[in-house]
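Undergrad: Letter by letter, the chains look like this.
2 protein chains.
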Amino acid sequence: MSLRHALLAVLTAEPMTGYDLVKQFDGSVAYVWSAPNSQIYPELRRMERDGLLDVRVLPRGDRAEKRMYAINDAGLAELHRWLRDPTTYAAERDPYRLRAAHFEFSTYEDARQQLTAHVRHFTNALNNWEQLLSDVRNRRVPLLRRRLEERPEAEHEAIVAFRLFAFQGEVDKAKFEIAWAERGLTMIDDLERRNVPLWGAGEAGQAG
Amino acid sequence: MSLRHALLAVLTAEPMTGYDLVKQFDGSVAYVWSAPNSQIYPELRRMERDGLLDVRVLPRGDRAEKRMYAINDAGLAELHRWLRDPTTYAAERDPYRLRAAHFEFSTYEDARQQLTAHVRHFTNALNNWEQLLSDVRNRRVPLLRRRLEERPEAEHEAIVAFRLFAFQGEVDKAKFEIAWAERGLTMIDDLERRNVPLWGAGEAGQAG
DNA sequence: GTAGTCATGTAAGAGGTTACATGATTAG
DNA sequence: CTAATCATGTAACCTCTTACATGACTAC
Chain A
220 MSLRHALLAV LTAEPMTGYD LVKQFDGSVA YVWSAPNSQI YPELRRMERD GLLDVRVLPR
280 GDRAEKRMYA INDAGLAELH RWLRDPTTYA AERDPYRLRA AHFEFSTYED ARQQLTAHVR
340 HFTNALNNWE QLLSDVRNRR VPLLRRRLEE RPEAEHEAIV AFRLFAFQGE VDKAKFEIAW
400 AERGLTMIDD LERRNVPLWG AGEAGQAG
Chain S
220 MSLRHALLAV LTAEPMTGYD LVKQFDGSVA YVWSAPNSQI YPELRRMERD GLLDVRVLPR
280 GDRAEKRMYA INDAGLAELH RWLRDPTTYA AERDPYRLRA AHFEFSTYED ARQQLTAHVR
340 HFTNALNNWE QLLSDVRNRR VPLLRRRLEE RPEAEHEAIV AFRLFAFQGE VDKAKFEIAW
400 AERGLTMIDD LERRNVPLWG AGEAGQAG
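Chains as they are written, first to last, in our numbering: chain A, 220 to 427; chain S, 220 to 427.
No lab work stands behind these hints: they were computed from the structure.
No experiment lies behind these values; they were computed from the predicted model shown.
Some hints could be false.
Where chains are identical, the list cannot tell them apart; a pair therefore holds if satisfied intra-copy or between any two copies.
As the list claims (entries may be wrong) - No more than 20 Å apart at the CA atoms, straight line, and that leaves these computed lysine to aspartate or glutamate pairs for EDC-like: (1) Lys394 to Asp313; (2) Lys242 to Glu311; (3) Lys242 to Asp313; (4) Lys285 to Asp239; (5) Lys285 to Glu262; (6) Lys242 to Asp354; (7) Lys242 to Glu284; (8) Lys285 to Asp273; (9) Lys285 to Glu376; (10) Lys242 to Glu374; (11) Lys242 to Glu262.
Could you build all of it, start to finish, from the sequences and the hints given here?
TA: Shown next, in the form of structure tokens:
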């Protein structure tokens, strides 16, 4: 139930509306945990029902209303509990490695396409991550700034350090994916140059 | 819809019952894609309905029956399509990095616990992976052996090479997770030695 | 006879995706 | 007046988890 904890964590910075949270989950938060508004609004209602959030219903303009959510003591306790309880590790389910393990049913051309797209995707991710890392280092992330304003100076170093640690992990993960795909491309070139045959798409794939 | 494609891929080795497939997904296949029997049996029925599998209903003993599934041309075509079509990359959702980014709400002791458990989990995974890697190199994996028997010698090198490529990726991923967590442990030791304070669990976490 | 394995499912619920739906407010 | 943004949802569907359920066959 990580969405709930991601929401609690964001709300420790300051009270927000669902709309504000949706924007956070489209922005910097999305790099670790993304969620669409169709998931966020109902979850906020459930968290309110479960007593983790306090809500103030505020007017907007003459007719409309908005709901301002704030984390309360029960919400903070839940956040602490999440960080204390042992992680349960999900069963392995890796679509990229699953696919690559079966490139024999593909062609060299298609396999190359897959891996170059992989490199492209994670190169792009890497750039975003490195930008975020530099923004965190320079305290240029709005959410982080507001969080730091709430806490005493002495804590700032740890708050920033943990974020850098997590985001550096994402950077390294992207680098790993790029290096892996590039090793695959080298391997494919080698196999193809030596005319090692594949099952390919030709043999029995015409039906259906 | 990767479960479907994982099932198709396994069935290229030889026809199997649902029970056989369940065992595969508890064994070597589980290292890339795991699935419980409650997911496998209904999916096989749907794949049969969609014309991707041929089924022979065989007697077992006097009273009971079993269903032997075989991939057909439509199933092979679907497998080729899966390998040809561009991958859609899922939105980022990384529970480990999400948690680590918020260790400020924890204590040094609890954060250390989390990271040592992380090291333990992925060290164990790494051992399993390296064993599998060595088994693939020596053709000691039953499913792989049967697959190779079905295909001409000339293809064997590529079949094995793609599996090694994929499984080496999992090995490297486990190594990355271990290295990441160990960097975190070093960082935590450093912060604690220098008495950098955390929000911790003490300040307002008693409620709930 | 009984324990282990073979064999096949159902059901409730959590979490996530995609698409649709509605309307108010504000800046130009 | 019109476009962008603010604001909040619903609904259908898919995937996966957890737990339960049933019974036949086989080796001892």
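Undergrad: Decide, hint by hint, whether the structure agrees.
TA: Each hint, compared with the structure:
1. For the homomeric pair Lys394 and Asp313, the shortest alpha-carbon distances inside one copy (17 Å) and between copies (16 Å) are both at most 20 Å.
2. For the homomeric pair Lys242 and Glu311, the shortest alpha-carbon distance between copies (16 Å) is at most 20 Å, but the shortest distance inside one copy (31 Å) is not.
3. Within a single copy, Lys242 and Asp313 get their C-alpha atoms only as close as 29 Å, which misses the 20 Å cut-off; across copies the closest is 19 Å, which meets it.
4. Taking the shortest Cα distances, Lys285 and Asp239 sit within 20 Å of each other inside one copy (11 Å), while across copies they are farther apart (55 Å).
5. Proximity of Lys285 and Glu262 under a CA criterion of 20 Å is satisfied intra-copy only: 16 Å inside one chain copy versus 44 Å between copies.
6. In the homo-oligomer, the alpha carbons of Lys242 and Asp354 lie at most 20 Å apart inside one protomer (18 Å), although the nearest pairing across protomers, at 48 Å, exceeds that limit.
7. For the homomeric pair Lys242 and Glu284, the shortest alpha-carbon distance inside one copy (18 Å) is at most 20 Å, but the shortest distance between copies (55 Å) is not.
8. In this assembly of identical chains, Lys285 and Asp273 lie within 20 Å of each other by CA distance solely inside one copy; the values are 13 Å within and 56 Å between copies.
9. In this homomeric assembly, Lys285 and Glu376 never come within 20 Å of each other (Cα to Cα): the closest approach is 35 Å inside a single copy and 63 Å across copies.
10. Neither within a single protomer nor between protomers do Lys242 and Glu374 lie at most 20 Å apart by alpha-carbon distance, with minima of 27 Å and 51 Å respectively.
11. With identical chains, the CA atoms of Lys242 and Glu262 are at most 20 Å apart within one copy only, with a shortest distance of 15 Å there and 37 Å across copies.
Hint violations for this structure: numbers 9, 10, all remaining hints satisfied.
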